[in-house]
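There are 4 protein chains.
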Amino acid sequence: MIKKIGVLTSGGDAPGMNAAIRAAVRTAVTDGLEVFGIHRGYSGLLDEDFTSMDYSSVGGIMERGGTILRSSRCEEFRLEEGRAKAADILKKHGIDGLLVIGGEGSLSGAKLLMEEQGIPVVGLPGTIDNDIALTDMCIGVDTCLNTCVDTIQKLKDTASSHERAFVVEVMGRSSGYVALASGMAVGAEAIIIPEIPVNYEEIADKIWRERKRGKINCIIVVAEGASSAYTVARHVEHRIGYETRITILGHIQRGGSPTAFDRVLASRMGYASVKALEENEAGTMIALQGGKMVRVSLEKILSQKKTIDMELVEMAKILS
Amino acid sequence: MIKKIGVLTSGGDAPGMNAAIRAAVRTAVTDGLEVFGIHRGYSGLLDEDFTSMDYSSVGGIMERGGTILRSSRCEEFRLEEGRAKAADILKKHGIDGLLVIGGEGSLSGAKLLMEEQGIPVVGLPGTIDNDIALTDMCIGVDTCLNTCVDTIQKLKDTASSHERAFVVEVMGRSSGYVALASGMAVGAEAIIIPEIPVNYEEIADKIWRERKRGKINCIIVVAEGASSAYTVARHVEHRIGYETRITILGHIQRGGSPTAFDRVLASRMGYASVKALEENEAGTMIALQGGKMVRVSLEKILSQKKTIDMELVEMAKILS
Amino acid sequence: MIKKIGVLTSGGDAPGMNAAIRAAVRTAVTDGLEVFGIHRGYSGLLDEDFTSMDYSSVGGIMERGGTILRSSRCEEFRLEEGRAKAADILKKHGIDGLLVIGGEGSLSGAKLLMEEQGIPVVGLPGTIDNDIALTDMCIGVDTCLNTCVDTIQKLKDTASSHERAFVVEVMGRSSGYVALASGMAVGAEAIIIPEIPVNYEEIADKIWRERKRGKINCIIVVAEGASSAYTVARHVEHRIGYETRITILGHIQRGGSPTAFDRVLASRMGYASVKALEENEAGTMIALQGGKMVRVSLEKILSQKKTIDMELVEMAKILS
Amino acid sequence: MIKKIGVLTSGGDAPGMNAAIRAAVRTAVTDGLEVFGIHRGYSGLLDEDFTSMDYSSVGGIMERGGTILRSSRCEEFRLEEGRAKAADILKKHGIDGLLVIGGEGSLSGAKLLMEEQGIPVVGLPGTIDNDIALTDMCIGVDTCLNTCVDTIQKLKDTASSHERAFVVEVMGRSSGYVALASGMAVGAEAIIIPEIPVNYEEIADKIWRERKRGKINCIIVVAEGASSAYTVARHVEHRIGYETRITILGHIQRGGSPTAFDRVLASRMGYASVKALEENEAGTMIALQGGKMVRVSLEKILSQKKTIDMELVEMAKILS
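Chains as they are written, first to last, in the numbering used here: chain A, 1 to 320; chain B, 1 to 320; chain C, 1 to 320; chain D, 1 to 320.
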């Protein structure tokens, strides 16, 4: 039976991570477990940068973006020696279960820590890219989408006032989810995602048609993994001679107070992750499937690629 | 085969209705259908207050709250004569399919219009209460939740500064969804919903314990269908002598530019509703189930009551 | 020469109070002074609820609404004995200068503490009502206005969708500033303020004319000190039979992260207040006049009534 | 006596321009004048792209960013022939007074149109840079500041989570106002503006000291006219080996629904500009001085440079 658990956040920060930490800590404390917060992800684990947490340590944090436990990327943990050292440290402190909140890289590390070193881990998908398979949504995605939508809406004011095209580059190295959903939500004239080869001819034709129909602004959303805003703008200007501006949303997509959805999702995942550890279901990640919290093996999740809904892609073309 | 459709919004307005109208109109136009917008819900239908809509009529509306088609409640349509007259008018204009965006009452009317008068209808769930069975979410709920969360967060500033309790009354005549989700998202000390009998003793005990633990603010969220903010405040003050303030969020919960989620949800529902009409699946409502758009018979939906997730209720108690 | 100062917030909280505290503490520390934070206003002063503050104690607070020093209203301090006791406590702790951030009542208390008990005080105007004479703006007013505008804008969505009138009650017991400025900013059809007798006939006429001109919504903003939303709604409904809804913004006007304006204003005032104490200009309040920070005697400020700009009142009538 | 006026927006768009247009149109109509809206600034003037405007043409626009009259930069108008042609067109249409809303370049054009061609013009300062002399604020600045503050606040979440420095580039080619005010409002560790030579040594020292004091994030705000974010980041990384990220806010600073302040300011300026034309005070710009609307000759305004408040600069260093 588990008595003491550790919780860490790793990789890029995502809004809602604090709600997950809060839920995990309070659920664990309610069930009589001891909880250690591990600072700065796997780096802090290797540095023994731990802090004992109780009910009050997580008060007033749900509404804050980022992660109070901080995060980092850690080279040493990528090596087996690093993970062995981590396991020793955890054992030394009597930590018999670990919660890891992060993206694909962080969850891969967690999986190896369990397979190689026997540390029971449960993962929580925390990444604004929504590129983790088998969960409908990751912690932080909904907030990121709303930041994208609010920001692009501001660009539309200027685009309309000056009759310009804007190319907006959003997050998404391997997944076009953020680009697709935010593009749909602002009625973008074109959306360029890594899952589908870009067809500049088709985009130029569409913008041309819209222009003739009297539309005075034009928004093109591009996922960073598909192309760069500069390349897209060059192609568009070259083909249709439309004055084009570029905006790279960058890090502002990571921040901000989490939305209601992310707070509730993260709270549910934090709660469910402790239950999974307690019920000896380590080696899993908590996923949202059809509105429910489920446990899916890390193995399965990490061997699959998140796919994009092709019907949404078609719909986006018809609606804008 | 359907050639001409009508679309109307009915009952209380909800953010995202415009995105649904936009998607329905553009999908229909793309498929070669004619579209009539019907103003002011069933009232406008009976007054023949119609407007022909094309691709451009729905430009720039997605980001706006409310409904450009306006809405109303209509007594005449509650009677069979009213609905017979409505059917005659629709036939006169050659409208052979009707999309109805609204809450339970509006969908009941739509169902009768089809059963009695043979008009093919497809419903879309548009109500901030989230009280329609068999769909995970209704259009407008996510925006409403975020408005609640943003607003209650402001109250927490004052609650902390003055060490007070706030009782906040939110939407939800028959369903406690908005209260439960927004209450969880702000870490409310107590959440009172119509689905569960209120226990003031337990609430008072909890607030008392939190106080002693050093918490300097206290938020109680109550669904309007469960109790009134006044009653709750009286009970709390009576039991623990805590200075209590009341806020009734009221109509501000209905408005505002829709969130990314509501824009995408409403767009998908608008698109799917036209497809349902085209594929002779009238008599249904478009529902979100496990991330997918599905068609569920109006009959089935209207004969069931939306239930609340009891695990969420328990979780909320543990986490705050 | 002053060596040790105290700072407190009193009365209703206002966004930006934390920025003022931050600026005062850091300015004082930079100048080599010791600073005590006094909790819960004059109550905490009488309870000796003090905390020593340095540069770091005020980190990360500028963006937060409310006041980290908390606030309260204090009966005991209204009596001369209370103030004598307060002076003794301050002397006992070696505090030779006091900063008081608050509204008219709080500043009156500060003035008496100086006149009767010889404690050097400097006031900062912190109240969302903007009812303090001789300063263009008080800390918190700009944030309050933006909250009012954002909220009323949401009501307009619903008002337009349902062709209704909304009566919105905002802060302002003795001053109509918030009602006037927010009413102008949302294009309200009528604005009712305590400085000017209400003329329901004129309001009804105006709404009637707008209606006939095709306007489908109507917003009436009323300052709480002029009338109640209920009374106004009854009058309007009675005269023109327009369906009317009521919203009382209440405490949400107090909260929220301060705007850029309030953060800069409060920072400047916090800085200037310490300089005033250091330069032996106690007995004054820091005021904003024509973009500059000036010191005005508390005597002068408290003997005058804030007036409303009648040209703005006329303009508001023409523009909506 | 003036009977017919034209209004145009020129140069970069700024939030609040619509409120100014609305106020100008409604004031003019109330006073019995005819009003022409001129599309796309001086370009539209030369193209005779006019539209007759009345009370209703400006309904529902106050809350929208950008400018419904659109804007552009116009080469032809920079030449005397262009301006002579413009004057002919205005005379042909019987327009005997022109309102120009825009920045320094646009106002220079307006001044020449009056001096050379005898067209009565009144200017309104509309630019988010706040770089126009003799007015405390320009239309759009306050909204821009709040967008900067909200956005930088999001970066702070990530900066804290990853213990990084962020260099944020904001608007301000010749004026550091936006950088200074937004930097103060977010508590930036360093603010780099064109008015003051940058001292990288001093900045590096400060960041170093803060780090040692335990501060886990660092924000440097730079005005585009002072340096580029890249250059600043290179200097900082070089000197203190701190991991640094870059964000260029760019066009999102232009957009968004205007704040309460900008709506009221623009309304007052729109109103005052019509009154100035009516009272034969053309050749002036409406300015905000010490809370009042005043008329200042364009000559005077354009011959001076906006200065920065050096006390604010010093204060910013002490407070962060």
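What the hints contain is simulated information worked out from the structure, not anything from laboratory work.
Even glycine gets a Cβ: it sits at the ideal position worked out from N, Cα and C.
Heads up, some of the hints might be wrong.
As the list claims (entries may be wrong) - Computed, partial: chain D to chain A, Cβ under 8 Å: (1) Thr-151; (2) Ile-252; (3) Gly-256.
Each hint tested on the structure:
1. For the restraint placing D:Thr-151 at the interface with chain A, the shortest Cβ-Cβ distance is roughly 5 Å, inside the 8 Å limit, so the hint holds.
2. A cut of 8 Å between beta carbons decides the hint on D:Ile-252: the least distance to chain A is about 5 Å, and the hint holds.
3. Interface restraint check for D:Gly-256: the shortest CB-CB distance to chain A comes to about 5 Å, inside 8 Å, so the restraint holds.
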